[in-house]
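Asks: For reference, the chains in residue letters:
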Amino acid sequence: MENRRIILEEKKWNPRTFFFQWEWMLVALLLLVHILNGIASPYYFSVDTFLSTPMSFLDQAFIVFPMMLVLISGNGNIDISVGSTVALSSVIMGVSYNHGIPMGASIFICFFIATLCGFINGCILVKFPELPAMIVTLSTMILYRGIAYIVLQNQAAGKFPSWFDYFGWGYVGPIPFIFLMFIVCAVIYGIVIHKTAFGRSVYAIGNNRTAALYSGIKTSRLTLIIFTLTGFMSGFTALFLTSRMGSTRPNIASGYELDVIAMAVLGGVSTDGGKGRIWGPILSIFIIGYMQYGLGLLNQSAQVVMIILGFLLIGSVLVQEIHIGKNRVLPGRK
Amino acid sequence: MNLSVFKDKKPGSFRELGLLAFIVVISLLVEIRNPMFFTLSNLEDIGVNTAILSILAVGMMMVLLTAGIDLSIGATIAFSGMCVALTLEAHPELPVGVALVEGILLGAVIGLILGIFISRFNILPIIASLGMMDIVRGFTYVVSKSKWVSAYQMPDDFKNFATGNIFGISNFIIIAIIVYVCFFYFINYTKVGRWIYAVGSNPAAAKISGIPKRRVIALVYMLMGALAGLAGVLWVSKYASAQGNTAEGEEMSVIAACVIGGVSITGGRGKVSGLILGCLLFGILDNALPLINVSPFWQKAIQGAVILTAVVANAVIRRQSDLKALKSRKI
Amino acid sequence: MSDEYILELKNITKVFPGVRALDCVSFSLRRGEIHALMGENGAGKSTFIKVITGVHQPEEGEILLDGKIVHFRNPVDAQKAGIAAIYQHVTCYPSLSVAENMFLGHELVTSKVKRLDWKKMYREADEWLEKLHANFKSDVEMGNLSVAQQQLVEIAKALSMNARIIIMDEPTAALTEHESEELYAITERLRDTGHSVIFISHRMEDTERLAGRVTVFRDSKFIGVWDVKDVTRAQLVKAMVGREITQMFPKKKVNIGATVLEISHLGRTGYFKDVSFSVRSGEILALTGLVGAGRTEVCESIYGVTAYDEGCVKLNGKVVRFNHPAEAIAAGFGYLPEDRQKEGLVLQWELSKNITLPALQQIKKRSGFLDVKKENHIAGQLCSELMVKTPSVFEAASLLSGGNQQKIVVGKLLTTPKKILVLDEPTKGVDVGAKAAIYEIIGNLAEKGYAIILISSEMPEVLGISDRIVVMKDGRVTAEFETAQADQNKILKAAMIEGVDKK
Amino acid sequence: MKRFLKSLLAGAAVLLMILPVSAKAKRKDSCAFVFKSTGNPYGEKMMDGFKSACEELGYDAILRAPEQPTAEGQIQIIEQLITQKVKAICISANDADALQPVLTKAMKRGIKVCAVDSNVNAASRMVFVNQADSEKIGRTLIQAAYDMTGGGGDIAVLSATSQATNQNLWIDWMKKELSENASKYAKLKLVKIAYGDDLRDKSVSETEGLLRSFPDLKCIIAPTTVGIAACSKVVADKGLIGKVDVTGLGLPSEMAEAITKGVCPYMFLWNPIDEGYLAGYVSVTLAKGAIKGEEGDSFAAGRLGHYNVVKAADGGTEILLGPPFKFDSTNIDKWKTVY
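Residue numbers (this note's numbering), protein chains in the order written: chain A, 2 to 335; chain B, 11 to 341; chain C, -9 to 493; chain D, 967 to 1305.
No wet-lab data here; the hints were simulated from the structure.
Take these hints with a grain of salt, some might be off.
Unchecked claim - Cross-link-like lysine-lysine pairs, in silico, BS3-like; alpha carbons within 25 Å at most:
1. 994(D) x 1051(D)
2. 201(B) x 102(C)
3. 379(C) x 211(C)
4. 228(C) x 211(C)
5. 223(B) x 70(C)
6. 1142(D) x 1155(D)
7. 127(C) x 201(B)
8. 1053(D) x 1071(D)
9. 263(C) x 13(A)
10. 364(C) x 12(A)
11. 379(C) x 332(C)
12. 276(A) x 354(C)
13. 160(A) x 1074(D)
14. 1277(D) x 1102(D)
15. 201(B) x 104(C)
16. 276(A) x 332(C)
17. 355(C) x 379(C)
18. 1071(D) x 157(B)
19. 157(B) x 1017(D)
20. 337(B) x 263(C)
These numbers were taken from a predicted model, which means no experiment stands behind them.
Kindly generate the complete structure, drawing on both the sequences and the hints.
Replies: In structure tokens, the structure reads:
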């Protein structure tokens, strides 16, 4: 009887749980990166750094959001075909433009192809749930890239109309267009992931697929949507990357998949599902981006950058392990 | 794998037969296009070129059996290869044996570190090895100061090792065979070997049966590393040149070969016999595509298509056999 | 004294974060005796076993083996000391062969070179299986076996370890009468060859048939130990349940309405065949039988988790087919899964999120956003309705006790309007208090006019609250009774012998 | 909270690995050289040359290269160089067109841009330092094949990646040479162009493929350092020395063995050190404004003497380093230790 009254329905703000989040660590990290860079290089604190620099690393960032969904959805889901998807869609866009299709239409085609690639991945995974995504996307990775080679062979496609450069190089006031788009996507995904039934269901299947299934969550449909979405967002990357390079070849965007996954993981998204919030990846995108940029300003050789990134990746996951491992929810009542 | 391979017709053996048939068909098609295919020397080429891949595949299979994955092997190959090359440049008098040992040890150390990250600190394999990949690759450039070690800087007997042969069989093939025999024994006829399967098959149960899960996992990655180290030495001796970017992306081919060979990436399933076929298919693809001179631009696509078909077909066959098993159940 | 007992446990206490799994229990095992350990699910039997076998280490108390104090740091120590256990939840390696499963951890090696001797292992494995009259060979993949067969393998494994003390945790639960007889025989043979056996079960038959003495646990406490010959069933039941069973089941009289769900000749390759029954609104239909008889499978495929490939399902007279649980839920079909932790809850989630998971569409605003206020309110309402013991709806599900977790899962069913509920072993591993509560809830639901299918293996429960009873065996319906006409023996007979063993 | 601090510490530990890297930034005027990718000795040599040239002229040299040979990587690097306000950028491009936007941006910011070794399109550079006239390379290689095969037989080309700018250019010239003097090369048949992607293993299996599918192959032209080395290794291992000749462009150090063995009678390459050195001089003189990179400009390039800016085939301007150097058994030992 008495416990009818005491059940709380209002959440109280709890400072401990609030500050005790991986994201704060990332914020600290980002600040530290800025500070170190600032100390190290006189050129660092400039308008360029904060406005036009993001241009050079944000193109990949668009895939991070759907990749986040893919990873959250658990069940070993991962998509390593994104790099090839970008290449294929970009190549086809270039070719179709060079064959007289107007640029607007070509851009549409680009997105269509990208979405198609993702859709195919999704279909295979839904038809054969027993196949791990890792393997399926591994083979489509090779396949898509291969098709790109067939289409363009050893040629480059390009000579785009001048307005096309706007995507990669244009500004809206002081802010780069690409940066603006990034913010828009970030907001949209933030809402979708944290505020809608869809996002909730994705976390559900990531945390406990069976329970979700019994609760009437359409797991396979979600999987399909998520992977298709990944393809679609690869279209953005293709668009911006192509625009930045002003031309395209079958070998662009190689190795993007691993960069993207690294960003997501550094952002606290676990590759075994169910974990991760939108802020993490957003922060980590900038951490990695600015760190590379800063080291670049110091003219550090590529290999040093690599080593540091490697350490950062393992280190951060290690810290998360300590971090989460120590205050994992205990089974049973206290 | 265990006796059951030879005894009953379980899904596994079905699939292997299917794969074998697939290989035969492909080979025949190639042979029709280019009769040079079934020449002894060409088959030896296939063997030699596949040797390194298949050595790596053994290690990767064990890793996959524990439901893990190792993306760092490409870097490990480059690193150990480079170190060995540098040592030999400094001391040309060293015998090949020393070089091999050095490479294996280096690889083992790297593998062990990775293994500890994964087993002790529960870092997910894919992430840990991803980071490791960057680190090791980076250090490869550092130790080599971004230089290459070229043919003339290596002692001859080291270079000849790759081309040399015993009773007409190339050293590489022999090494590969030795590795396979050893690991076939290890995996099937030693307790630890079986524990690898157990850990991958049902980690929870492993606790109750008192299997030292963490040690097994660490060991697996160490072995993987060691094999990668060995592969590194062979690589350098074969191409008579050590570069920083050696074997970039090799890990993906190895994983693909394992999967085609029927090793389940979710752990617990996989047989050496299947593995061999997987590697063979890969080797044949690499060798045949240039032979039947398809346009170089088609090669990648064809590879991808073949892998995809193999994987999907694999799944289909498995379903069929499962269904049969159910039908056979009496109700 | 101590030489009379091979194994003694004194005042063992085992605490898991939140629950006292064992509360100062004692136990003593004579040489060459079969000692029955009884108690309801969740009474702490399984934990007790894990303490003996070194999987868990007790916080307090001591274990004496041959009168000497021992400390088992891990299962291996216990095995070395000659203690083998057959666990209730079979712990096998699905992708390995039977022989490998049997010998994992104590593999046989050849004398000279210490290599695994597969020939020998497979031969011995086959011999053991022979002794158990198993109908399969030792080289099949474990994953392809039925639960019962896997249990046999576990038993064979324990035997193959020729341990001095053998612990069997509900071994007969999944065996047919015939197989049980076999097991009895083997167990007795073991006793006669000087082994000591701890035989866990809540089936009277086992105890009376086998045991010399019986110890009873209840609510993780030691209740008492008796010689089987001078104790009656009634006494034991009272000891186990804590009160007369009849009081456990406050059966309300409800007027039963029209047929809601009708299953005819349902079949799924390899799982069940020709299954037909029907439920009426307000009726509680008990679907009983042994573990692995196919009860769960039937209901799952009705619910749309798996697909049935023959027969049809009628809902209110109309033929329906649910291809996905979502459709079933939309049609007013609720399913309470057997394994609440694996299939029922997202443990790391707050109660509120868990409860509303099946009802996301309802808490969605027109804008498409989730209405968290509404969510928490719904959750709060249900929590208090079901008397869940929790400070707030923001507790992680994993922090609740078994009973309360079960209530949450029930709560999930009630978020959306339902006509039919399938309750799969709703009181499995739930403490006595919560049990009564859950029975009450079920009663109320029936009263509200729900048609309820209750899957259960616990006779008292089945007889206590159901209106009708359908018994299944090996994937077929073998009997159907009005509860009034049914009794324990009839049901057991139908569940075990009917359609005589093909094995 | 204590745990939180602990994890914070761990985080700091991770960052400490970054600290030692941060060096003092330089204030002197500087010119930057961006190569295709790290860990390529050929590039290293060019960097050496570039560096020494800059130092002779009292400039700092910034030497950069992406980890992978991609245009994306080079774009990022150039962005960074722009921020650093370098005086001139000298690039060896991974993609002729992909760098146009970023390089034009650089030029808008008043940074002088020149290309070397691997060209960018005319619009995105002021001048191209051409290691050797592409036309000459293409034609010379065919002539080499002609005289190795003794005037007739099958020849094949093993190139780098199918995307490599200069390789493709050279191959085009080879084809031109063949078609223009059809009568002379009547018996010389170019049977296949294979791509080894500058990977050892791929180059090897491609070469093996060539040898098998064209049994009477007489000569393989490999205008890429990795390709030619791998290729001649295969030929030597197969004991085809004398039957199949290998020629092309290769590093003496990599090819020393092959040439002494006679797998490769002779091959060509310019001196990458000089190439870098000249590039350095061009960059600095551009930076100083002494030349504008227009046709007719001329300047002195230290030890290399005097150079003129001439019209390039693609409509831009270029500076020719000089004829490619011919390596054979007589001079290889002298050079193999140099580069």
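Asks: A separate judgement is required for each hint: does it hold in the structure or not?
Replies: A quick look at each hint next to the structure:
1. 994(D) x 1051(D): 11 Å, holds
2. 201(B) x 102(C): At roughly 16 Å apart (the allowed maximum being 25 Å), residue 102(C) and residue 201(B) satisfy the hint.
3. 379(C) x 211(C): 22 Å, holds
4. 228(C) x 211(C): 14 Å, holds
5. 223(B) x 70(C): Holds: residue 223(B) and residue 70(C) sit about 19 Å apart, inside 25 Å.
6. 1142(D) x 1155(D): With a Cα-Cα distance of about 13 Å, the restraint between residue 1142(D) and residue 1155(D) holds, given a limit of 25 Å.
7. 127(C) x 201(B): Roughly 22 Å separates the two Cα atoms, so the pair holds.
8. 1053(D) x 1071(D): 14 Å, holds
9. 263(C) x 13(A): Not OK: residue 263(C) and residue 13(A) at ~54 Å, beyond 25 Å, violated.
10. 364(C) x 12(A): 13 Å, holds
11. 379(C) x 332(C): 21 Å, holds
12. 276(A) x 354(C): 23 Å, holds
13. 160(A) x 1074(D): The given pair, whose Cα atoms are some 20 Å apart, holds under the 25 Å limit.
14. 1277(D) x 1102(D): Status holds; Cα separation ~16 Å.
15. 201(B) x 104(C): Holds, at about 10 Å.
16. 276(A) x 332(C): 18 Å, holds
17. 355(C) x 379(C): Violated, at roughly 30 Å.
18. 1071(D) x 157(B): It is violated: about 33 Å lies between the C-alpha atoms, which goes past 25 Å.
19. 157(B) x 1017(D): 17 Å, holds
20. 337(B) x 263(C): Holds - the C-alpha atoms of residue 263(C) and residue 337(B) are around 12 Å apart, at most 25 Å.
When each numbered hint is compared with the structure, violations occur for hints 9, 17 and 18.
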